[in-house]
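Asks: Sequences and hints are given; from them, build the entire structure.
Sequence lines, in order, name chains A and C.
For the first sequence, this note's numbering begins at -14 and goes up steadily by one.
For the second sequence, this note's numbering begins at -14 and goes up steadily by one.
Note that these hints are calculated values from the structure, not bench results.
Check before you lean on any hint, since a few could be wrong.
Which copy? The list can't say, so a pair holds if one copy fits it or any two copies do.
[What the hints assert, rightly or not] Derived lysine-lysine pairs resembling BS3-like cross-links, with alpha carbons at most 30 Å apart:
no., residue 1, residue 2
1, 180, 79
2, 156, 180
3, 94, 79
4, 79, 195
5, 33, 79
6, 33, 94
7, 156, 33
8, 157, 192
9, 157, 79
10, 195, 156
11, 157, 195
12, 192, 79
13, 157, 180
14, 79, 156
15, 94, 195
The structure presented is a predicted model; accordingly, all values stated were derived computationally and were not measured.
2 protein chains.
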Amino acid sequence: MTEPRIEVWLIEDNATFRRAVSRALGQTAGFACTGDFGSAEQALAALKTQPIPQAILLDVGLPGMSGLEVIPRLRERLPAVAVIVLTVFEDDDKIFRAICGGAAGYLLKTSPIDEIAHSIREALAGGAPMNARIARRVLDMFARLAPPRGDYGLTAREQEIMEAMVQGKTKKEIAAVLDLSFHTVDSHLRNIYRKLEVNTRTGAVAKALKEKLV
Amino acid sequence: MTEPRIEVWLIEDNATFRRAVSRALGQTAGFACTGDFGSAEQALAALKTQPIPQAILLDVGLPGMSGLEVIPRLRERLPAVAVIVLTVFEDDDKIFRAICGGAAGYLLKTSPIDEIAHSIREALAGGAPMNARIARRVLDMFARLAPPRGDYGLTAREQEIMEAMVQGKTKKEIAAVLDLSFHTVDSHLRNIYRKLEVNTRTGAVAKALKEKLV
DNA sequence: AATGCGTTCCCGCGTTTGCGGGATTGGCGT
DNA sequence: ACGCCAATCCCGCAAACGCGGGAACGCATT
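Replies: Written out as structure tokens, the structure reads:
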């Protein structure tokens, strides 16, 4: 069985490293490096003239437009292409921005070529290949970003009032949309304040949003 | 070289599957299953009498206390132990809650034993072993949870006012901490409202928190 | 010199809020 | 049957807020 070659693009400003990866990938069974570019701009320009690849290996430390900036643009034009970040950086902010931009994987340049090849297959199969340390960082960020999910025992009605409050509505407006008396809304509001241990709507909204009560 | 055995606990209500994994792990070089439990409660009780393991394989669909609930408790008592979820479920909510609870990995029960063994080593080495599909789900959730990071051109002073506002402070209090006149704060507030296109502090706080302006 | 903008300060007025008091109904559990 | 509590409604008042005006200064750009 002869499976079709996986066509890969490489965006990397270091010519030496770029050629090394390009050649190594070309010699790996089932892969072909059909394009290598020294900058994001060159790659974007090539989209208009060349056939698109299945996967793109991307450095983040590029001259001009950074790798992080280009991810969303690539994803926009080529939603089906797996963009895999391949870099030396492993700080939270870069990882975070890469993922939020839509990267399908995040590898380190120290990875051997067969791991890179395996990762490309994994990404195309719907996976998310990541260096072990990176993966841990992602989980940690996730957990930190996560909701403490405080439970203050708000009733259904109070939740409803909270939602309206978060939308910036006044008591009068809330009363109108929920078809209640102004005084009733006021009453619920006081109960919410007591439960959340705040005494202004601003504090209540901040607490609700921070702790994902809404 | 004789590396020390890795001691693993198993929390899984299906006795057949539990024994199968336990035996397979026991026969794998470098591993020892030193405890297997049919419920979270049994495992928590065993913490008091038995020596603690290096890793715990945990099912989420347990009778009584669910696997998701028990993760934070385990992490609390045993911060150094790698808790790896091993389950058939792969819905976003369960994955999300497991990670937020502090799980070090998330595997599917379809994984062969050598992959499980490898994952345990990976977790103990600071990695985050995940099934490929699960990893992709995590990245997708991450990107969705991500901040749109709107930029409304708030000045440094206005940012400062926003932060104080998010803390639930009144205009008078903000004026006090920033050593400004009440009227100045009022002025800044109006400019913030105009830039964010809101007309209440509630709306401003909601927008600021949702779009990570603070 | 002129323009724009951020920052600071001030007045007044009508609206909204927070909170102190209440009251009544209906469901739920022991 | 009794208490508990969520949910609904009401009054009044001091405080805070939103917004309409305004003015002044510094600093950078044009």
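Asks: Compare the structure with each hint and give your call.
Replies: Results for each hint:
1. 180 / 79: between (39 Å within a copy, 28 Å between copies)
2. 156 / 180: The answer is both: 18 Å in one copy and 24 Å across copies each meet 30 Å.
3. 94 / 79: Close inside one copy (15 Å), not across copies (33 Å); limit 30 Å.
4. 79 / 195: Both. Shortest intra-copy (24 Å) and inter-copy (21 Å) distances satisfy the 30 Å Cα cut-off.
5. 33 / 79: within (28 Å within a copy, 42 Å between copies)
6. 33 / 94: The answer is within: 29 Å in one copy meets 30 Å, while 45 Å across copies does not.
7. 156 / 33: neither (53 Å within a copy, 53 Å between copies)
8. 157 / 192: For residue 157 and residue 192, the Cα distance is within 30 Å both inside one copy (22 Å) and across copies (21 Å).
9. 157 / 79: Neither. Shortest intra-copy (45 Å) and inter-copy (39 Å) distances fail the 30 Å Cα cut-off.
10. 195 / 156: The answer is both: 22 Å in one copy and 21 Å across copies each meet 30 Å.
11. 157 / 195: Cα proximity of residue 157 and residue 195: in one copy and across copies (25 Å, 24 Å).
12. 192 / 79: Both: 29 Å inside a copy, 24 Å across copies.
13. 157 / 180: both (22 Å within a copy, 25 Å between copies)
14. 79 / 156: Result: close neither inside a copy nor across copies, 42 Å intra and 37 Å inter.
15. 94 / 195: neither (37 Å within a copy, 35 Å between copies)
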